[in-house]
Every structure is written in C-alpha cells, then in structure tokens.
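Protein sequence lines correspond, in order, to chains F and E. So in my numbering, the last spot in the first sequence is 408, and the numbers never skip. So in my numbering, the last spot in the second sequence is 566, and the numbers never skip.
The set of hints was computed from the structure by calculation and includes no laboratory data. Check each hint, because a few of them may be wrong.
Unchecked claim - Distance condition first, Cα-Cα at most 25 Å in a straight line; then the derived PhoX-like pairs of lysine-lysine:
no.	chain 1	residue 1	chain 2	residue 2
1	F	Lys58	E	Lys556
2	E	Lys514	F	Lys109
3	F	Lys386	F	Lys403
4	F	Lys403	F	Lys279
5	E	Lys548	F	Lys67
6	E	Lys548	F	Lys58
7	E	Lys448	E	Lys512
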Amino acid sequence: MNTNHPIAPQVVSKQAASRRIVEVAKEIHADITKKHKKPSMKFPIRSLANVKYDTKRGHFEILNKTATRTLSYNTVKTFAQSMRLLATTKNDLLDKDDIAGKRELYYNSKSWGECRFDEQPESDTLLDDIEAMLGINREQLGYIPEERGGDVAGPLTVLDIDPSNGKDIKIECAKLGSGAWSIPSRVEHLRFASKAKFILAVETASLFQRLVHHRYFEKANCILISMSGVPTRACRRFIRRLADDQKIPVLAFTDGDPYGYCNIYRTLKVGSGQAAHINRYFCVPQVHYLGVTPQDIIDYGLEDATHPLEEADIKRAKDALKNDPFIQHHKEWQQALEQMLKMGVRIEQQAFAKHGLNYVLEKYLPEKIKKGKFLP
Amino acid sequence: MAKRTSAVGETAESMARRQREISVSEFFLKNRHLLGFDSPRRALMTAVKEAVDNSLDACEEAGILPEIMVELEQTGDNRFRVTVTDNGPGIVKTQIPKIFAKLLYGSKFHRLRMSRGQQGIGISAAGMYGQLTTGSATVIRSRTKGSPAAHQISVQIDTRQNKPTILSDVSVAWTPTFPAGSGDGNEGDPVTYKHGTSVSIEMEAAYVRGKLSVDEFLKQCAIVNPHLSLHYAVTLKKPAKGDAEGEAPADSIRQSFLRAVKKLPPAAQEIMPHPHGVELGMLMQMLKDTESRTVRSALASDFSRISQQTALDICVAAKVDPKARPDKLGPGEIEAVYKTIQQTKLMRPPTDCLAPIGEEEILAGLKKEIDADFYTSVTRDPTVYRGNPFQIEVGMAYAKPQSDEDLNNENPVRLLRFANRVPLLYMGGACSITKAMTGVNWKAYGLAQPKGALPLGPVVVSVHMASVWVPFTSESKDAIANYPEIIQEITLALQECGRRLSINISKRKREAEAERKRGYIEKYIPHLATGLKDILSLPDKDKTKIEGDLKKMLEKTHLEV
Ligand SMILES: Nc1ncnc2c1ncn2[C@@H]1O[C@H](COP(=O)(O)OP(=O)(O)OP(=O)(O)O)[C@@H](O)[C@H]1O
Ligand SMILES: [Mg+2]
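Looking at chain F on its own, in the form it has when it is part of the complex (with noise of 0.2 Å):
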C-alpha cells in the first residue's frame, strides 16, 4: 500500500484573512475615487477547464485563467453584495472570531434592503466566488458547513475541544456500538491517536451499517468512513488530516459506476473543479482505489447482477475520457472507463450479497486488499 505523504497545506490566520479583504477594497476604493476608472474584482475561472493535475502535490491546482468582475449594469448587484458579503465578513465573523452557516448568512443579508440575496443558491455561489478571489477557504473564513461531514468508526481516537472549558474530549470510536461519530464541519483543531492498518471510505451509509454491524474493522484492523455519495469538504480534509497525521493508507470503496469514480472518488484524491482554488485542503492524494472495478463484475461472477449504463453515465464517463485531467493522467482509469462502457453495465456495492449477504466482509473484500491491486 501506498504510504507517500503529501506535504500538508498551509492554514491562514483569522488577520491574515481580515487584512487581503482590506486590501481587495482599498483598491475598489482607489480606482473609484483616485483613478476614476470603473473598479473590478479578479476571480479565478472555476471550472474544470482551468485546472491542471498537479502531481507532485497530487490534487487539482488551479491556473491562472481569472475572471474579471467590472463593475457594469450587468454587475452593479452582484458588485454590491460582495462589498456587503466582505464587510460581514470582516467585521462580523474574522475581527470578531465568530462563526456563521451558510443559511445564516443568507438570512443576514435579508437586512440589506434591495441587496438582500432571494435565493440561497445565490448567496451561496457569491461566497464561493469571494472564496476564489480570497484564496482562502471559507471555514478559514468562519464559515461552517451544514451538510454533514460523514460518519467514522473503528480503531481510532479523536480528541476534541469542549469549547466551554478547553478541555480534551476524547472519543473511541471502536466503543460506539452499533452507532458511529459523525465527523464535524470543522475538524482543524481535531487530534488523533490510532493503530489502525488502513481506512476504507464507503460511498454508501447501508454497506457502512453491515460492515460496523459485523464489527469488521476489528477483523481488518481498519477506521470505516462512511461518506454518503460525494465527500463533503470536511470529510476530506478530516480523512486527509488522520491519514497525514497517523500515516495510514487509504482505500475508497464505491458503487462500480462513472459517478463512483469520477465524482465520488477522484473528487476525494484530487479535490473538485469547482473549487479548485481551495483543494489544496480538500484532497486525498494517497487514496487508492479498491473496487467496484468493471473487472471485479468478471472477477466475482456478477454479470448477472448489473444494471445497463443509462444516458447519463455514459455521457459522464466520455466526458470523464475527454475533459477530466485526473482520468486523462492515469492510464488505469482510461481502461477502466473504456472497459465499462464495453460492458455497457454498472454495478452497486451490494451486489455481492448475489452470493450471501456476508460475502462482501468475508470474501471480497481480504481478497483485494490481500492482493493489493488497487487503481490508482
């Protein structure tokens, strides 16, 4: 298994953040009254299209295609709501040291009179701009997520903050019994101590519950994450700060479809094209990937239990095969892809119960991980 550590990221303090926000307005502020010019605001281009695999530090990094924001008819609004959104941003949450969701901050902005964002899409969208033109990741920011962030349990120990007293919390989560612990929106201040051989994140909470159920991270001496479709950025950088932290290896077990590798799994490795500017926290570069494989279907006899690939995840694996820079890198994956768009079928998870509701803990799975072939 591979167990080549990227360097970890570096974290910006709550001033640094306060000061780059001064910065960005003192120059709106010059070019207005100084210069007379119309002022604009640069954002990196958030799209697949601007990212580069970078694989010495092993995620998407973003490139230098910026965008800019000139303030025009078509821009007064949202020219507006960043100065606003800033200024919250500043003087509520960073020079304050405190904390806002997502929907609060929507709900702050109904103050703001025509200004207000109608839609949290909206609100949201600014923030993740604000956030590229920042370079700053917005937890950084104070801003907490509200999805949650996956559940964890096996052989690991967390040790929290109470945020009362600033003592130490510590949580085993081998000893919840057939519950789990769910993984914060922050987890920076998080400690770990574990003995753990390797961590397995599962795309789906049912195959989490069997495998919790039947106590397998005892057996495989594993810490189970459960991730819920795609990872949340807290379940990443959670995975990636344990993985950094304690130096275990880390294996990703999803559904054997293109949105199981392109989405759920290279998003995990590398980070989104989306938010690209920021992946440099949210990425797992030493995940690997162990299975369903569209060779595991030949491997365990489960042609039969496959479904036809619809319009959808073909469209989704060609233009994984085209415009995906993580696919275009690995030969592996381009054959996967290739193989399973051959087959014309995917696969779930639980398709192994074809042959015994178990067969997943106690056949497929020390299988693979005793043959230690993984994609990478």
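For this one, chain F is given, so just place chain E with the ligands on it according to the hints.
The following block gives chain E with the ligands in isolation, referenced to the frame of chain F:
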C-alpha cells in the same frame, strides 16, 4: 275538389291576381337591416348618423361653418325622441315632404361629388322606422336665410306608394338655437342663427354607451370634422319607483365638442363620370337622358376625360355615326361604343374633386382622441377605382402609458374607420379598411400581431377614405367594399405610418431600457458604498463621494461595460 285553394291548383291567372308592384318603402320596411335599423340600439345610432351627415353636407355645400345639436330624449321604456338641429341653409318648404318622407329622393345621387350622403335614402328611412315602431310623424322645422318665419311640417310616408303624407304644415317663429359654451354647462348666452333645420323623430330605441354607441359616433365625428361645433344632450327617464333594476344609465349627458379649425374644408368639385367606371346599362341610361343632340357631343360633355376629338375617334372605331341622336342608338351600337370606350386609352379622372382631411387636421383630430407621445399621418395622392377618384388618409398615435386603460400591449389597436368624414362603427369585419389592417405585417413595425388579426398595442389608427362615390357594402353605409385598388392604397398608407411608428417604438424601447438600467444601477450604488465604508471604516462624507463618483462614471459610459 272544385274548391281547392292549395298552391298546386294555381293558374297563371290566379297568380296574376296577386302580382303587383312592390314599393321601395315596402321593400326596405321588410329589409330594415339593409338600412341599419335592425336593432333598437343600432337604430338610434343610424338615425343620428343620417341626420348629422345631412346637416354637415348641407352646411358645407352652403359654405357655412357647421354647428349641430343632437338631442336624445327618452319618452318611454324603449322609446326615444331624436332631434338634430343645424345652422345650415334650411330647406325650401315645398321640398321638405319629399326629402323626409320619400325614399330615394335627394340631391346627391345623380352627381359625382364628395359628400357624406349619396343615396337619397338616409333620413327618410329613419323617419319611416320611427313611423313603423311608434306610429308617430317626422317633424321638421326649417328656416331659410331671409325668410320671416320658419315652417314646421309633420310628415309620414305612405309606404305603398313611397309618397309623403303631410299631417300638418304651419308657420312658426323658430330659430335654430345652440347652447353657448365651452362644453359642460351654460356659460354665456345661447347662440341663435337666422337659418337652419331641425329634424325630430320618435322611435323605438335603446341607449347604450361604449364602442357602438351614439356617444362614440359623435366623438369620432368631432375628430374627423375639426371645423364642426357639436352639442350633445341625452335626457333619460328616471326609472319608476320600486323598479330597482332600471337598465338605463341613471345620469344624463350635456356635452359640447368645440370647433378646432375655423376654416371649412375646401369645397368639393363635382365631376362627370369617368367612362372606364361606367357599365353598359348606365351608358344606355345616360345616352337616353342626355341633353346633347349628337352621340359625339354627349360623350364629350357628359363624361370626364373625353375630348371632342376622342369622342369622334370612339364613334368611328365603334362604327357609329357621330352625328346620330344619342337616344336613337340601337342596343348593338351602344354596346359597340361601350366596348370601344373600354379599349380606348383615357386620362385618369380628375382628382382635384376630392377634399381630403389633410395631414395637419388628422393630427389635430387624433390629439383630441388620445394623449400620445407619437403622432403621424399620411395623405396619399388621389387615385382611381372603377373610374371613381378616391384618396386614402391614415393617422396613427402611440398612446402614452396609462392614458387609456383599453390601450395597452395586450389589446388590439383601436381602429377608427371613416368614409367621407363619417365614422363607420358597424360591420368592421366586412370593411376594406379592416382587411388592409390585418393584411399588413405589423411585426415588422414592432407590434405583436396574432395571425390574420389586428395588431396589438397602445395604438390608435384612423383610416379615412374620401371619394366621389364610396362603394359601401350595403345601404346602411357601414363598410367599404373590397376593391383591390382601395385595399392597396390603404395598405401603402398604413405601411408608411407603420415605418414611422417603428422608429418611434424602438426609440422609446431604447429610452425605457436606459431609464430602467439607470434606476437599477442607482439602487445598488449606495450598497456598494456601504460595503466599502464598513470594510475600510470610512467617514460618511467618503461614502457620499464614492456614490457620486460612481454615478458620474456610469452615466458617462452609457451604463455599459
Ligand atoms: N339638414 C338638411 N339641410 C338641408 N338639406 C337637407 C338636409 N337634410 C337633407 N337635406 C336634403 O335632402 C336630401 C335627402 O337626404 P337623404 O338623407 O334622404 O339622402 P342623401 O343624404 O342624399 O343620401 P343618403 O341616403 O346617402 O343619406 C339630401 O340630398 C339634401 O339635399
Ligand atoms: Mg343623407
């Protein structure tokens, strides 16, 4: 068997006993829809229209600036007395009975001259309708210039014989009198004239408001006749006590449309018929009636555009003796003349006989109708259909927003139709004007248009046809018949106005767009400034400066990137 009376047993003799002359009056009595008297509400409008048309015609012919008073007085649940008074030349006493109680009697049918009336039916038909529905008589008061008194004559029509029956005939001290004033009240003394006519008819009628009403007719009348002073009074019977749902509107009307132009339209010239517009039967009649003694001089003097030389050429080509007496020509000879005329190249009829409203006056009229920020009008050059000169005029106005609730982007444009300065309200669907309107591609001029229908938009369009003979589709004179030449002329005039309108519409759209953008930007600039102020902890005066600088900057660059 011998006493069978069923149709099967008819003989030529028995049928002959029932065959007799049908008088025109009897015919129209049964076919009153042809004259515009098919419903009580339409009857009221038609009666007013016929009387007002006559008054205007008479005034203009006599060179008098017209002043007219229209009174509607409710005399029963569905009965009205219609009285129309004018300051025209008056009518000679002996003519009065025939004019008002004989159909097809008039001064305008036998000549080609632009006038509102043309058939000699109008006012007698109104009187006949009143007589039929209420049994009453038409009362005429008329005073000619210089006469010591007025005549007051009551007449009815003997429908069998189409002849007037005089019920009374007295001399009265009457002078036409009109309310003075500015429109809505009695300011100053009433105005009296030494000449004029008043016609009063009681009839079954219903008074309504809205599109097809007397109100609307008179309003439009004032629009196309800016030289007219028009007074209008409606007196409705109070609904009886306990009769809660009296249908009639409770209030009464006293209204005046004042003269906008103090000049009479130029007097229309009478012309001879153009040979290309004359049919064979008419040619026969004309040759029979002519006062000329030879065919050649009859052709030269009774028609326009035939010179003595051309008349001679026609006779020669038709192999007819030019010196023959016109009333002695045989049918074959007349037909030869007719055919030769059709093949002869002739100058178009003279068109100076038309008196169009004029572009200026059309604009003045439209300005009365609607508060618009764009007006335009086109008077086309005169042209000819079937030998009859005619001329098309179009006016167009783009209403100001909210100036009239019916004028908006969802409703069809308001189309006003006029023929020889008479508003046409009924039978729009059958009219050439409507046909031309719907045939134009208005989308090209910036108006939405459902397929084959009138365009939509806050637009008023007025179309006027002036002609020595307007080809109406029926005797009620509501719709212009579909002659291709007429539709073509209307279309060209509409397109010209449409082009001008489209320039205005796009200009207006651009301005509205710029205005909207300006407002939008000004809404957000203060927020932008607030944001900067909060981040940089600026004093209030800096915020004001940011706002000012931004506004200036965006104005200068026309609000674009
Ligand atoms: N108010 C009036 N003053 C003077 N003359 C009038 C007046 N009303 C009618 N006349 C004369 O009476 C004639 C008959 O009028 P009438 O309305 O019956 O026919 P018309 O106007 O000639 O044609 P139409 O049937 O088309 O109206 C007119 O031609 C005109 O000479
Ligand atoms: Mg008449």
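Each hint tested on the structure:
1. F/Lys58 to E/Lys556: Holds, because 19 Å separates the two Cα atoms, which is no more than 25 Å.
2. E/Lys514 to F/Lys109: The given pair, whose Cα atoms are some 23 Å apart, holds under the 25 Å limit.
3. F/Lys386 to F/Lys403: holds (22 Å)
4. F/Lys403 to F/Lys279: holds (21 Å)
5. E/Lys548 to F/Lys67: holds (16 Å)
6. E/Lys548 to F/Lys58: Judged against 25 Å, a Cα distance of about 13 Å means the pair holds.
7. E/Lys448 to E/Lys512: This hinted pair holds, its Cα atoms lying about 16 Å apart.
When the structure is compared with the earlier hints, no violation turns up for any of them.
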